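S.K.: One-letter residues, chain by chain:
2 protein chains.
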Amino acid sequence: MAKYCIGIDLGGTFTKFGLMDESGRVSSMFQIPTVLDKGGEGLIDLIVLGGNRLMSQRSLTRDDVLGIGIGSPGPISIKRGMILMLPNIPGMENLALCDLVSRRMNLPVVLENDANAAAYGEYLCGAGKGVSDMVMLTLGTGIGSGIIIEGRIHHGRHEIGAELGHMIVEADGEKCNCGQLGCLERYSSATFLTLYAARLLQSDSRPSVLREMTKSGQALDARHIVQAHKQGDELATQVWLRAMKFLAIGCINICRIFDPDEIVLAGGLVNAGSDLLDPLTKLYESMHWKLTGVMTPIKLARLGSDAGVIGAAGVAWTALGSGPPDCSAHLDEPRNEK
Amino acid sequence: MAKYCIGIDLGGTFTKFGLMDESGRVSSMFQIPTVLDKGGEGLIDLIVLGGNRLMSQRSLTRDDVLGIGIGSPGPISIKRGMILMLPNIPGMENLALCDLVSRRMNLPVVLENDANAAAYGEYLCGAGKGVSDMVMLTLGTGIGSGIIIEGRIHHGRHEIGAELGHMIVEADGEKCNCGQLGCLERYSSATFLTLYAARLLQSDSRPSVLREMTKSGQALDARHIVQAHKQGDELATQVWLRAMKFLAIGCINICRIFDPDEIVLAGGLVNAGSDLLDPLTKLYESMHWKLTGVMTPIKLARLGSDAGVIGAAGVAWTALGSGPPDCSAHLDEPRNEK
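Chains as they are written, first to last, in our numbering: chain A, 5 to 342; chain B, 5 to 342.
The following block holds chain A by itself, in its conformation from the complex (with noise of 0.2 Å):
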């Protein structure tokens, strides 16, 4: 009887292995560097010698587990089981990914974007256990995302939905790396709110406490920015709020198209906490519909790096077994071992 599903979120750097059973718990996480100059067979091989070392630290054998879930970052063709690139790595275009890794393993294996997969762990498993629609925004290098409908992760028909930080909040805005003018991503991700403070930094005059913390040449970033608004710095808070504001625009947003149970927030920038949720929720609970009586919750996301792995492991239980793993009876545990 299977009573396993293997969860594997592929990074850039590391790869990342755990096992669920079916209540939904994760455990027996380990990760390896990823190997990205041997092409594709290297990276078959990466995610056999994972999966393989998994079911030999636990003794289980192939009767034992249901299926391989893999996240991995995009372009991917998840009704192919592909990845169609990934940028700057040479070799892996159009690799089978699921049909290859199916093979060696003798498993069925199904594939998600990394994002989605995310979504899917803190929906199953974290700061969305429970509820029915969830949208997460993942704030990184740029601003990912995850939609959650009735349980289902939205993908749209051409497999490019769901690219809510490339929604566009400000017409003839400043040029995302996309090419649209304006998008949420050019205002509000780690990148471009670090790339306007140093903008700022060049053409004001005001002291400013970033010019200290990068004068031994360290490059600015967004941790700089929040340690100096939290030190009451006039010129990162400025590059914050505005940051907040259009990160609130995007969630009134996220209201008003989809009215989902509740947004969860993740990625790096998340790790300022309170320095991002309570500026955040104030200008979004300003900007919201009073009438409707419905003021809907932002969340932290919860389980931080490993909710990719555990999305992924969540994506193969419900595709392979019969429906979502049932999470329900440690709703309000501590998180699992890892």
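Note that these hints are calculated values from the structure, not bench results. Source: prediction; values computed, not measured. Treat the hints loosely; a few may be bogus.
To give an idea of the chain A side of the interface with chain B (calculated C-beta under 10 Å), a few residues [as the list claims (entries may be wrong)]:
(1) D67
(2) D68
(3) E154
(4) H170
(5) E174
(6) I256
(7) T300
(8) L304
(9) G308
C-beta atoms are modelled at their ideal positions from N, C-alpha and C, and glycine is treated no differently.
Given chain A, put chain B in place with the hints provided.
M.R.: Here is chain B on its own, set in the frame of chain A:
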């Protein structure tokens, strides 16, 4: 054996009735002036009168009818089958429409909001026939919307989603009637593009045929602007292209968020035909992501003011029958008899 569903489109001026068979054909359509000054009871009487007239015209008994679908302006609660209120019309608060009509007609009744019903009508029998995912914007006094994902209408968890007209597309933009700043509706609805023209006519010294058109005291409306734009009037063209630009942004956002099969435009502004579609498509295509190779088509609605009654009947078929009516048989037929 039940062979029909009754569709009812509750409008502020007229209430429209029609009969849908299992192949999605709607016939015997007629309308009755909507009685709004006799409270909830008057409204129920009207619906029952129309429903009975429809059945007697076609010599149908209760056994021939599966049920009734009603499209209503809102706010409503679909889950509870209630009209919560009709703005500016007293006596309609918390009206248990479905229960009351069901008891009088001895038939099951389902409720849908009017924008969703119209979108569902286009989806089943109009511009969206044969697709899976469709988003419709209704460009009228305001901008309404309907979202169909994998054949299902998206309502949101508190039934307040699918308000794409109130998606913010201009941070710190102009104030919308809803209280938010920079809503799509504030730029591309008939009301607001007309308001923009009126403002320009006051502040701008350029000659414009719009001044001639409204000389005799006639109120400026969107038709004047389209007509003047067609005549090459510079000011009117500026107004019209601004509305089209924001509409293009709205359509781009729909692609990023939903990635549907197609976008459908309905409502009064659509009467402009190619004067709307041509500049809109040009702007939309210029903004669109090239790298995906996907150019989601924008189409004009095909059912005009019949979409609501067709969709209402379709909603009843889907809820009360064994799924949506099978409209494939008349996929390329001209419009049905009325």
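S.K.: Each hint: holds or not?
M.R.: Hints, verified against the model:
1. D67: Interface hint status for D67 (chain A): violated (34 Å vs cutoff 10 Å).
2. D68: 34 Å, violated
3. E154: It holds, given that the least Cβ distance between E154 (chain A) and chain B is near 9 Å, below 10 Å.
4. H170: 5 Å, holds
5. E174: Status holds, d = 5 Å.
6. I256: With a closest approach of 6 Å, the I256 (chain A) hint holds.
7. T300: 8 Å, holds
8. L304: For L304 (chain A), the interface hint is violated, since the closest Cβ of chain B sits about 20 Å away, which is over 10 Å.
9. G308: For G308 (chain A), the interface hint is violated, since the closest Cβ of chain B sits about 26 Å away, which is over 10 Å.
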